[in-house]
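Colleague: If you read the sequences in order, they're chains A and B. Okay, so the first sequence: first residue is 0 according to numbering that gives the first Met the number 0, each after it adds one. Okay, so the second sequence: first residue is 0 according to numbering that gives the first Met the number 0, each after it adds one.
Simulated from the structure, these hints should not be mistaken for lab results. Misleading hints may appear alongside valid ones.
[Stated by the list, open to error] Sample of chain A residues lacking proximity to chain B, with all beta carbon distances greater than 12 Å (derived):
#: 1; residue: A184
#: 2; residue: A191
#: 3; residue: T199
#: 4; residue: G252
[What the hints assert, rightly or not] Here are the simulated lysine to aspartate or glutamate pairs, EDC-like style, with alpha carbons at most 16 Å apart:
#: 5; chain 1: B; residue 1: K62; chain 2: B; residue 2: E27
#: 6; chain 1: A; residue 1: K177; chain 2: B; residue 2: E161
#: 7; chain 1: A; residue 1: K177; chain 2: B; residue 2: E173
#: 8; chain 1: B; residue 1: K87; chain 2: A; residue 2: E134
#: 9; chain 1: B; residue 1: K70; chain 2: A; residue 2: D145
#: 10; chain 1: B; residue 1: K87; chain 2: B; residue 2: D203
[Said to hold, decoys possible] Selected chain B positions facing chain A (Cβ under 7 Å, derived; list incomplete):
#: 11; residue: H76
#: 12; residue: L89
#: 13; residue: R118
No residue lacks a Cβ here, since even glycine has one placed at the ideal position from N, Cα and C.
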Amino acid sequence: MEKKKLQYALIGGFILLIVVLFPLVSNNFIIRFGTDILMFAIMASAWNIIGGYTGYASFGNVVFFGIGGYITAILMEKAGMHFAVAYLAAGFGAALFAVLIGLPVLRLHGHYFAIATLGVAEAMKALVQNLEITEGNSGIYLPMLDLSIKGQYYFFFYMMLGTLILTLLLTYLVLNAKLGYSLIAIREDEDAANSVGINTTLSKTIAFALSGFFTGLAGSIYAYQQAFLKPGPAFSVQTTVKMIVMAVFGGMGKLFGPLIGAFSIEIISETLSNYFLVAHTLFFGTVVILAIVFTPKGLIDMITQRKFGISYFLENIREHRI
Amino acid sequence: MAILEVKNLTKAFGGLLAVNDVSFNVEEGEILGLIGPNGSGKTTTFNCINQFFPVTSGDIRFKGKSIVGLKTHQICHLGIGRTFQVIKPLARMTVLENITASAFCRVNNINDAQEEALRILEFCGLADHNTKLARSLPLAGRKRLEIARALATKPKLLLLDETAAGLNPGELDEAIDLIKKIRDTGISILVVEHIMKVIMTISDRIHAINFGQTIAEGTPQEVANNPAVIKAYLGEERA
Ligand SMILES: Nc1ncnc2c1ncn2[C@@H]1O[C@H](COP(=O)(O)OP(=O)(O)OP(=O)(O)O)[C@@H](O)[C@H]1O
Ligand SMILES: [Mg+2]
């Protein structure tokens, strides 16, 4: 057991080292690609807290991304604040919003919760499109980061990396504490959880707030990186779908599942779009469907169980009959 | 002294009075059996006690204080644990994780929770299954898990809803032993059971209901010979 842990730590440390050094040997295009992967890894991991561990499939998590972005834009552009302040405010603002909408919305289950969260994100988009302070549909500019081009690429890459590490570290701590056990118990059976003294409302709300917090941080970095924000892209349903697909593809309810999902989905979709200009979304959809049918527990299950092949696929299909 | 007092409890589902003006006490340290034919309101009574459902009228007092209107998780913290007739294992968690999750009811630190969980699993004879997923246990194991999960919250009163149903004769004897062993630790128990052998052996007293209303109360012997009880059960058999 101890030996295995050491082995994992060594592999983990090695991968981290590669990721940290990666920008130094890459061109700007590739660094930017890596930054995108990290951003989606943060969001998929954050989605995993509420969707994967707690079992509440949010279809509106992009709202936290958008809110984080707009808080950053407004604080920096209108209030002249430093990015460090705006970044933290984005996280806490998104978390606060999660608490406020969570109180009513987390009473709903299953499809109803999914639809309600979807509705919240769409409503927020409409609101931002019509507010003066967000400059509506024409979009809002942010101050440019005062660094060389290369420096900017480095800055955003390492901000995303640091935020991802923070996300995974906090999730890890939660999983090994009362809260983590409560969340998974809620996912498995909310009535049973309640009956053993778990304050399910409180636990779910904290999970949603954590999910919102990290997603908001990602939105903040993204906004600063783009230096310009529009309601449509900031609150796009597609972003939520991507988080979910990545989390499911990599492995829901597993710490590193969404990270693996973000990495592989981005690589696959990039490769496909290089080969098939027009039909790549069709191929992409097919890959996702096949993956969910054959490996519903995600890539991470295949990696950690070291199983591969027909019998593993059949076992999965039998277990998760569709 | 009565640890639980149910006073004129009534629970209506629309026009149906599932529990209709039922009153009984569970004395400190005793096992009270609650019996009645199918659909007579036993599970509904449990669901009212741990506030799964809001009660329609009447009062429920635990250690002298009314608990009506509290939240389900607060009821557990006060010291009332329960099992479910339709068992609710946390299927994709291991046996140890299942019990650890409820041991957190009394402690905040993971090491303490795990230690308590291991103690409970040992007590319930599940220690060999710690690392198995809850869903992979056989029925008897999952029934035991249900009891262990309630015990891990350190209840003063335990509500057992048909934890012996579906067990084979050997497993039944083990279940009886476990329930007695729990009572011997000082926990008062309210137990619902259809299997007469079980309810007659373990109960100090029995409260019988039919169509949501009390029909008899007394020692197992008295209740077994009560005409209203005999009619309720025979009537059901004929139907
Ligand atoms: N949530 C509910 N909504 C509507 N009616 C209900 C509900 N729960 C129970 N009932 C009804 O209340 C009555 C009592 O049911 P209850 O489950 O309490 O019976 P029981 O004594 O536990 O029966 P069994 O021995 O079969 O478990 C039944 O007629 C049942 O259909
Ligand atoms: Mg019942």
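Colleague: Now tell me if each hint is right for this structure.
Modeller: Hints, verified against the model:
no. : hint              : result
1   : A184              : 4 Å, violated
2   : A191              : 4 Å, violated
3   : T199              : 7 Å, violated
4   : G252              : 8 Å, violated
5   : B:K62 <-> B:E27   : 9 Å, holds
6   : A:K177 <-> B:E161 : 30 Å, violated
7   : A:K177 <-> B:E173 : 32 Å, violated
8   : B:K87 <-> A:E134  : 51 Å, violated
9   : B:K70 <-> A:D145  : 54 Å, violated
10  : B:K87 <-> B:D203  : 28 Å, violated
11  : H76               : 5 Å, holds
12  : L89               : 4 Å, holds
13  : R118              : 16 Å, violated
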